[in-house]
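There are 4 protein chains.
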Amino acid sequence: MIIQIQKNATEQEVKKISASVQSMGYSFNNIKTQFARYLICIGKKEIDLREIGFLSGVADVFKVSDAYKLTSTKWKVGKTAVDIGGGIRIGNGEFQIMAGPCSIESEEQIVSTIEHLKANGIKIMRGGVYKPRSSPYSFRGLGMDGLKLWYKLASESNIKIITEVMQVSQIEEMHDYVDIFQVGARNSQNFNLLDELGKVDKPILLKRGMSGTIEELLQSAEYVFSNGNEKIILCERGIRTYETSYRNTMDINAITILKDKSHLPVVADPSHGIGVRKYVDKIALASIMAGADGVIMEVHECPQKAFSDGQQTLDYGQSKDLIDKMGKARELVK
Amino acid sequence: MIIQIQKNATEQEVKKISASVQSMGYSFNNIKTQFARYLICIGKKEIDLREIGFLSGVADVFKVSDAYKLTSTKWKVGKTAVDIGGGIRIGNGEFQIMAGPCSIESEEQIVSTIEHLKANGIKIMRGGVYKPRSSPYSFRGLGMDGLKLWYKLASESNIKIITEVMQVSQIEEMHDYVDIFQVGARNSQNFNLLDELGKVDKPILLKRGMSGTIEELLQSAEYVFSNGNEKIILCERGIRTYETSYRNTMDINAITILKDKSHLPVVADPSHGIGVRKYVDKIALASIMAGADGVIMEVHECPQKAFSDGQQTLDYGQSKDLIDKMGKARELVK
Amino acid sequence: MIIQIQKNATEQEVKKISASVQSMGYSFNNIKTQFARYLICIGKKEIDLREIGFLSGVADVFKVSDAYKLTSTKWKVGKTAVDIGGGIRIGNGEFQIMAGPCSIESEEQIVSTIEHLKANGIKIMRGGVYKPRSSPYSFRGLGMDGLKLWYKLASESNIKIITEVMQVSQIEEMHDYVDIFQVGARNSQNFNLLDELGKVDKPILLKRGMSGTIEELLQSAEYVFSNGNEKIILCERGIRTYETSYRNTMDINAITILKDKSHLPVVADPSHGIGVRKYVDKIALASIMAGADGVIMEVHECPQKAFSDGQQTLDYGQSKDLIDKMGKARELVK
Amino acid sequence: MIIQIQKNATEQEVKKISASVQSMGYSFNNIKTQFARYLICIGKKEIDLREIGFLSGVADVFKVSDAYKLTSTKWKVGKTAVDIGGGIRIGNGEFQIMAGPCSIESEEQIVSTIEHLKANGIKIMRGGVYKPRSSPYSFRGLGMDGLKLWYKLASESNIKIITEVMQVSQIEEMHDYVDIFQVGARNSQNFNLLDELGKVDKPILLKRGMSGTIEELLQSAEYVFSNGNEKIILCERGIRTYETSYRNTMDINAITILKDKSHLPVVADPSHGIGVRKYVDKIALASIMAGADGVIMEVHECPQKAFSDGQQTLDYGQSKDLIDKMGKARELVK
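Chains as they are written, first to last, in this note's numbering: chain A, 1213 to 1546; chain B, 1213 to 1546; chain C, 1213 to 1546; chain D, 1213 to 1546.
Next comes chain A alone, as it looks inside the complex (with noise of 0.2 Å):
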């Protein structure tokens, strides 16, 4: 069950509307997010939402069943548009691309990268400074450095940035220069990061575990949420399965599902997903059939001499084609 607390409620009200919880056997998780006041109740018992919904301070009081709960439809219908700053916002009928390299190599490649969005619309520009990587003995990114004159380059040209944090000691090193926090597959049950993010006034993408269920990355935007943090994006990147003849298996029945069970904006990952660069823009396509609020996508100057291996990212030709259809598809599911 979840209680929403209405905006002027006293103290003494919340605290009357524990207790009355608490009498019904129920326990309760007190969450306060930026936008609104909640009473997460947990129990088993069958309870009679009138006799809640009628108490001095209670704005709204439903009953839902899923493992996740403000994150879910059931609890909130209309779907949500994540701000991220500068007027842009993405879901509830916004669509947005975020494009990049894989990892930020240089002011260079930063420059033209930047010069590339402007040129093609897109205003939220994607890229890694600390790269998760299997071996220990592999490049793992530039660093703050190279975040601050990447904030610095992108800020001035009006273009929001996307980048990955992979734990709880970087969040405040990066926060002044990060538009939207990304959490990487290999982090999506990292409980404590998300406990972290969740009392950040940040949009945070979370990324679907490289074998995760729909219903884990519901629940791990759950911890962000009822932490306080209610501007979550969600990202299909792909499974594994037993096929080879592609990275991951891009899971667009995943997207369809999740716009469906949750009010949250989400994003398709083609180029982490399938991988494979004469692909990607199928894939991007077919996600936007699927209900898919925004792409992200690797775009390199030059892919074959990127970082990493590349194979999966698009160079600026074949970008912008794949821009130009995207806005066409958008139109169709309008």
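Just so you know, these hints were derived from the structure itself, not from any lab.
Just so you know, nobody snuck in bad clues.
Which copy? The list can't say, so a pair holds if one copy fits it or any two copies do.
Straight-line C-alpha distance at most 16 Å; calculated EDC-like pairs for lysine to aspartate or glutamate:
#  : residue 1 : residue 2
1  : Lys1343   : Asp1407
2  : Lys1335   : Glu1306
3  : Lys1490   : Asp1472
4  : Lys1532   : Glu1513
5  : Lys1335   : Glu1368
6  : Lys1343   : Asp1357
7  : Lys1343   : Asp1521
8  : Lys1473   : Glu1427
9  : Lys1540   : Glu1306
10 : Lys1411   : Glu1384
11 : Lys1228   : Glu1263
12 : Lys1244   : Asp1407
13 : Lys1532   : Glu1327
None of these values were measured; they are calculated from a predicted model.
Could you slot chains B, C and D onto chain A? The hints should help.
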């Protein structure tokens, strides 16, 4: 290596070509299809293709390193359109929808479905008369009586029919009452069945196995092709993964890859793929973006009363809506 | 619900029982096996079993809610031993090893393998004469000539043989030259084949599908059983997963669960399971701990020269070592 | 390439070795562990190892082409025994059982579990004080207070303890109250956590990810090793597949392969693996046959009352039985 023999080559010439191939340490398979004659040559030595190309009687020669040969784009670069009869073709730019119930249930149902198809410009009706069922105690279909009635009614209305054949002994009895033979996921590697369907002069729709790889599907198609039947349609119908929030993981990626690796047409089956009625439309549209040449879908006059549980089955209204949307999506990818 | 009919029941009595079942709103399947006669009754209403139990001609009656009925331990609590002939039995405490080459290749090989088996107390020889191959261009086995020779030599040495049957039409021609019919992973849901094998009076070894569930395997066994053949041996041979450092994920868990859910004997196939010679012994021993009633394994006089690649095949020395170890492991779990 | 530096090598010598490596076009990582000093050299050119081997200060040099280096048997052929303190070792022929509840719940429980362990000769107690939970609304463990009490009681009884660490900030506060740090499946690729645990002088038990590959597990171990901590124990705990008749597919194959590819000890977790109480014993015994150096299992004084659902948890009687059986199984594989 594939050697295509000239249409008017003499037996003498073919023998000479074969002898040359053997003298190079290669074994060969002599293959005659409806359209052409080939030698598929298997061996490991490096060969100068020109030595073969110059022989009298050789129309063309190609090196194909894939495990599948005649179904590969390395052999045939242009796309294949499969002729279903009555001027209806699928592939190489021609798109077909196949719609109908899971199982054929009654004359009334056949009549009503045909009406629905005609009203919406659909030319192929699907339906099962022999049903593979996990449990031996389940309904297994109306059999030949149902098929004969169905074929009669359909052909009177210029509607083509596609239905599943489950074993070799059924091919002959079904042959005159079928326009497309369907091979189900469970028979995707029933090699004896594939061998025999290779000797039939009707199109074969071959479904990917429940956890079949893309390469295995193409090798299964190679069985049909190498036995003489070039009229093959591939079908993606979802694979088995750990995710349980839908029925199968419809592998949209496979559509894109099959279209790239093979010249054969590819059909999407979103009904058995995602398996949830309210999501079928989005997955059908996504499949078109990924490159599908057709969609096969379940439609029933009253899905709740279908023999199979019908959870993935559209009613006529939903079907009409989706057909309209698919038309628009096709415009986009042409 | 399963009703076992008394051996000496009259047709009159059976009719009366059937009528009672129908009057309760149940449909039924009339099943005769080598050993008994049953009515499998399918319906949803709650029934007082005593009403049936008191009818004349009823030997026993049980409620079985599983999708599989006669193969379930809910029906038959004691374990089944399958009689292979010549006093050789498998299951209910009796353990058998089945060893031999992937494909039968020559008379010399047969003779040499039989010698190896006899020297090590093994009573059942495995080998393929019809081989399912992914590619139509691969060797498909020696066929009936090889089988006849093999059967002659084996029966002269009191060795039983197990070999794969791939299609209905082969059953009759193979019948007199086979002691156990094997159904391969690719045919695990070839229901027509299962139906026909249910009418045969020889044991059937039924392999789990390449990505078959445990429940599907038991339902496939139910096809054989409900057609009249109770002599069924189940076989775990590895499933498809994302892991690539071995051939298949040998699912040792399945052995334990099959032994719990079904009364039928369960055999492990570590050769096709893990698929790497040097690991076969450990997986064979693990399977015995998990409850396997037998092990089927590939042995070849010279694995490097086997028709199949032979990477999972033991040589005679490795085979002898493993047979000794399996003997000791069996002592532990008795 | 791995270069082990002599214990008494001078800095001068190390510099010279590094310079030689660089001059060959290789990059290198300078690694100091508790036991030795290494240069891990990454490059693609063919090198004559003798050129390095003859340099002063080099103890040993090996080419290791795997993505994991120091954890590979290609580097260290003999098996590693990890010292847990108090003369307790695991690996290289020494076998350990780790038993206890899922979560530490109370003082009474700790006392009762320790008694059970001592009575059965078990030297290591498992239990969680920080629990990773899919839902933010679930119980997350007793935290540091619980840990301190537990450690006090355990060390008074000469029982070592193993418990999960979930984030970098916990390492320091937990350090003095832990004998083995456990890294859970969800953190198997939390590289920052692995980096920091590499700087700790306590053994690390590293669980395979929920759908982690065997290679990824070894690479994660490489993170710990290359940061300085050689005391690593690997753990197989079941992977995600499509099968639903048990909790996870306990991958017994992985135990055999890890033991072959790495010198590190491998522990089996049948409780979280198959996840069903009545099957835990068979899977534990199978794991020993596959080569496991230890078993970690859940035991609870009253499994039905455990905080976690306890479906995989043994009671004391079942635990005692299994410990006896494991003793006998160990005799067999010695």
